[in-house]
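Chains as they are written, first to last, in our numbering: chain Y, 33 to 527; chain F, 33 to 527.
Where hints are given, some of them may not hold.
Restricting the straight-line Cα-Cα distance to at most 25 Å, the calculated cross-link-like pairs of lysine to any residue (SDA-like) are [what the hints assert, rightly or not]: (1) F/507 with Y/173; (2) F/68 with Y/117; (3) Y/68 with Y/37; (4) F/68 with F/35; (5) F/507 with Y/37.
Just so you know, the hints here were simulated from the structure itself, not pulled from any lab data. Fair warning: this is a prediction, and the values are worked out from it, not measured in the lab.
Number of protein chains: 2
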Amino acid sequence: MPAIRHIPIDTYPESTVFLPRRDNGYSPEQFKAMRKVQVTGRCGEILATLAIVDGDGLVRPGEVGLGNEAFRRLGMTEGEEVVITQAPVPASLEDVRRKIDGESLSDSEISAIIRDIATHRYSPMEIGAFLVACAGFMSTPETLAMTRAMVDVGSRLSWDSPLVVDKHCIGGVPGNRTSMIVVPIVAAHGLIIPKTSSRAITSPSGTADTMEVLANVDLDAARVAQIVARDHAVLAWGGKMNLSPADDVLISVERPLRIDTFEQMVASILSKKAAAGSTHLVLDIPIGPTAKVRSEGEAVRLRKLFEYVARHMGIVTEVVFTDGSEPVGRGIGPVLEARDVMAVLRNEADAPDDLRDRAVMLAGKVIDFDPEVEGGRGYARAMELLSSGAALAAMERLIAAQGAQTTIYRPGIHQFEATAPVAGRVASIDCHRIARIARLAGAPMDKGAGIDLLHKTGAHVRRGEALYRIHAGSKDGLAFAREMALADSGYLVQP
Amino acid sequence: MPAIRHIPIDTYPESTVFLPRRDNGYSPEQFKAMRKVQVTGRCGEILATLAIVDGDGLVRPGEVGLGNEAFRRLGMTEGEEVVITQAPVPASLEDVRRKIDGESLSDSEISAIIRDIATHRYSPMEIGAFLVACAGFMSTPETLAMTRAMVDVGSRLSWDSPLVVDKHCIGGVPGNRTSMIVVPIVAAHGLIIPKTSSRAITSPSGTADTMEVLANVDLDAARVAQIVARDHAVLAWGGKMNLSPADDVLISVERPLRIDTFEQMVASILSKKAAAGSTHLVLDIPIGPTAKVRSEGEAVRLRKLFEYVARHMGIVTEVVFTDGSEPVGRGIGPVLEARDVMAVLRNEADAPDDLRDRAVMLAGKVIDFDPEVEGGRGYARAMELLSSGAALAAMERLIAAQGAQTTIYRPGIHQFEATAPVAGRVASIDCHRIARIARLAGAPMDKGAGIDLLHKTGAHVRRGEALYRIHAGSKDGLAFAREMALADSGYLVQP
């Protein structure tokens with residue numbers, strides 16, 4: 033049996049096995065057909081892509097080289113022996129092919145597919161094929177089966193409470209950082225709200241990216257449990273908790289292919305919520321011509337799909353349609369959004385109204401889940417907790433508990449102002465365009481990069497007056513964003 | 033600018049670039065987002081997957097390592113300088129996304145997608161997404177546009193003749209090696225028939241695999257032209273001629289995903305024929321319960337699609353439906369099929385009738401394209417050329433011209449006979465099952481591996497009498513095939 037050797041090569045997200053071309057026990061023809069191999073050792077097995085090495089520089093006959101990812105996943109030490117075999121073709125791929133042919137799949141078939149995806153048995157190509165086939169047609173029962181299967185293959189958080197609330201927005205509206213206001217309000221009220229969120233996938237910032245400007249978000253499940261036990265809440269990145277790991281794998285393929293169907297959205301969101309132990313959920317669906325959901329009709333279809341799956345998963349869900357016609361607040365990008373959030377929590381006079389109003393409305397709906405609260409009094413209670421400073425105090429406790437951020441992030445020093453081409457009224461702001469410009473400036477990786485909106489829809493501006501300011505930490509980032517803003521600022525100003 | 037260094041690692045079919053983790057000019061965050069890079073140098077540019085190397089063992093700061101495939105494709109020498117940039121996202125991917133959303137694409141959109149696929153700008157995942165979206169719905173004009181685009185991105189052969197004939201079978205029936213009989217008959221008649229064929233994709237042997245038992249098939253376009261100029265014909269592997277290179281890339285993804293739609297089949301076959309300069313084509317569609325086309329209705333739909341696209345490509349096409357209910361001839365696998373073909377050409381008394389009859393019928397239809405031949409006399413002419421030995425002589429000339437095979441291949445020495453479980457009549461033979469067993473035995477890589485059918489449908493057999501003999505060159509191959517044959521031989525014997 034060959035012995036393993038760690039080859040310090042990073043081929044993330046793929047695992048790679050390096051075998052010498054000579055004397056490896058296989059014929060060249062067998063090798064060509066293999067491509068993917070299974071490495072079985074003392075601690076279990078992994079699947080990996082095969083690379084063949086000429087010469088003795090990297091691996092010698094009798095050795096198996098494991099790249100960083102493969103070495104880490106196998107969890108053995110150098111010199112230990114392993115067995116290399118051709119990777120078995122997952123049996124569930126037959127059902128993927130049937131799905132491509134337009135058939136519907138049973139619960140157990142979908143479950144087997146999701147299990148194989150979560151355990152890295154599918155190649156990105158095979159995952160892509162499955163997702164595109166699902167994008168073509170996916171029934172409501174199939175969506176439910178997928179959601180359940182995604183929960184089953186991951187870890188679950190559990191809480192000593194019959195009422196565990198959450199609030200989620202489907203995204204697509206830049207600056208819409210209401211969670212960071214809703215969570216402290218609800219925590220101040222006393223409900224349990226363990227909010228795990230993602231980093232930005234295609235947007236200029238996710239809740240985890242913005243919260244990270246203020247505090248550590250990189251918490252494991254044990255630390256999350258400790259913080260929630262004391263403070264009722266958390267605002268953590270979900271990536272370390274193994275909640276719905278199949279979702280993470282699916283997203284890694286959905287992102288480059290930009291697959292963003294309602295069915296995948298529902299399965300992704302509700303599997304994460306169920307795994308996080310949520311019992312009650314307020315779900316925000318913004319509607320607008322440049323948002324993810326573009327019409328009331330689409331929103332109703334999406335709402336029904338959420339309601340169906342949530343009901344069968346045992347999650348009480350209240351769907352709220354909100355205005356997605358323009359960005360929320362002023363800042364877009366982690367630092368600028370964090371500034372807006374803290375301004376609202378501090379009740380500053382110039383805090384953005386739209387962000388505050390929306391957050392209080394959503395917090396009120398979450399508080400309305402509390403059986404102790406008189407019907408319809410959630411909104412007033414939320415407003416009171418914000419105005420009194422109780423929400424701010426709850427946020428400060430959360431920041432301290434998670435660990436205050438030690439790096440001071442500031443808005444990027446390289447700046448450019450997009451200006452009004454004519455005098456007139458701001459008729460519309462393109463969410464999609466603004467998000468792309470903010471991403472080009474460097475958000476969310478460059479925390480200080482983004483856009484500061486100086487005027488919103490309805491404002492009257494003079495010709496040449498600044499509409500928004502782009503911030504970037506690098507000259508290149510600013511140049512890219514500036515170029516795009518000059519081609520089309522995303523603002524429509526009507527004389 | 034960094035200098036290139038050849039890293040002797042084979043990551044076929046992907047190209048890989050190895051960069052040192054330290055001092056490579058990029059931040060870790062940028063790297064994570066890059067994954068695919070463009071390497072631009074003196075001779076052009078390539079796209080490649082990025083691998084990051086720790087330590088100085090493989091690449092040092094200031095160097096760019098290129099794996100075997102990347103080094104070969106870039107075509108520069110070690111030490112020359114290159115520029116590394118993030119690989120641009122092909123603009124045509126936007127249209128792939130629209131196709132996933134169910135839209136139809138225009139000719140120019142499909143053309144751009146095929147161009148990007150042929151120039152390796154798509155990842156396998158992206159190609160898979162495109163193919164699965166097309167499998168969901170693809171219009172006839174889209175199929176035509178794809179066929180045209182596939183021809184446009186490759187080389188074309190041209191011939192000094194207004195009549196260049198070809199014969200093609202869509203496959204799916206083991207042992208159906210009629211091309212190797214049709215081509216010498218038609219060549220003996222005097223028509224130009226430059227037959228390029230593929231190696232087996234999912235079957236136990238392709239025409240190129242079987243012809244290779246007798247002669248060299250690995251010819252470039254110049255050699256093919258020489259041979260055709262003298263002998264009117266060739267029986268070559270098409271892989272070296274750059275005919276429809278997009279098809280080769282698409283097939284590399286269709287195969288693992290087992291995508292085999294009529295639309296892809298038509299585009300694949302007709303793009304290769306148009307690129308090979310064919311003006312007239314006889315197309316064989318076998319129909320049978322275990323063949324690719326399972327009913328007359330399906331066959332008619334496929335025929336119409338072929339006719340529509342072929343007409344617009346300017347290829348006169350005669351579609352022939354044949355019996356695909358059982359394998360043709362006796363041998364399955366390169367050596368055993370070559371034996372059957374030569375037995376027919378040599379007019380041996382025990383040559384398989386069904387193979388001969390089908391080949392003569394198809395050759396007759398090809399000869400009927402010749403305006404010099406009296407209407408309906410093609411069949412008689414084909415039979416005469418076979419019986420007289422003219423076809424055999426033509427085949428011998430072809431073998432000599434292409435270069436007779438120097439290795440003597442023989443049927444695999446490891447053998448197992450599948451036997452009748454009861455006395456009775458052979459009611460049916462499962463083409464699909466027989467093909468899988470032959471592949472497990474080692475065909476087509478192991479040329480002597482395969483199956484020799486001792487009885488065909490309608491034969492009466494005793495209990496325990498041998499139905500077929502499996503041949504394999506390795507004990508493992510025989511064991512795999514034997515196990516599968518014992519589980520289900522593919523023969524239905526009815527008492």
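Could you grab the alpha-carbon distance between residue 68 of chain F and residue 117 of chain Y and see if it respects the 25 Å cut-off? Roughly 29 Å between the alpha carbons, so the hint for residue 68 of chain F and residue 117 of chain Y is violated.
Measure nothing beyond the straight line between the CA atoms of residue 507 of chain F and residue 173 of chain Y; if it is 25 Å or shorter, mark the hint as holding. Violated: residue 507 of chain F and residue 173 of chain Y sit about 48 Å apart, past 25 Å.
For a C-alpha distance cap of 25 Å, please report whether residue 68 of chain F and residue 35 of chain F respect it. holds, 19 Å
Pairwise hint evaluation, residue 37 of chain Y against residue 68 of chain Y, where the allowed Cα distance is 25 Å at most: With Cα atoms ~18 Å apart, residue 68 of chain Y and residue 37 of chain Y stay inside 25 Å; holds.
What's the verdict on residue 507 of chain F and residue 37 of chain Y, does the C-alpha distance respect the 25 Å limit or exceed it? Distance ~32 Å between residue 507 of chain F and residue 37 of chain Y Cα, so the pair is violated.
In the structure shown, a violation is registered for the earlier hints numbered 1, 2, 5, in ascending order.
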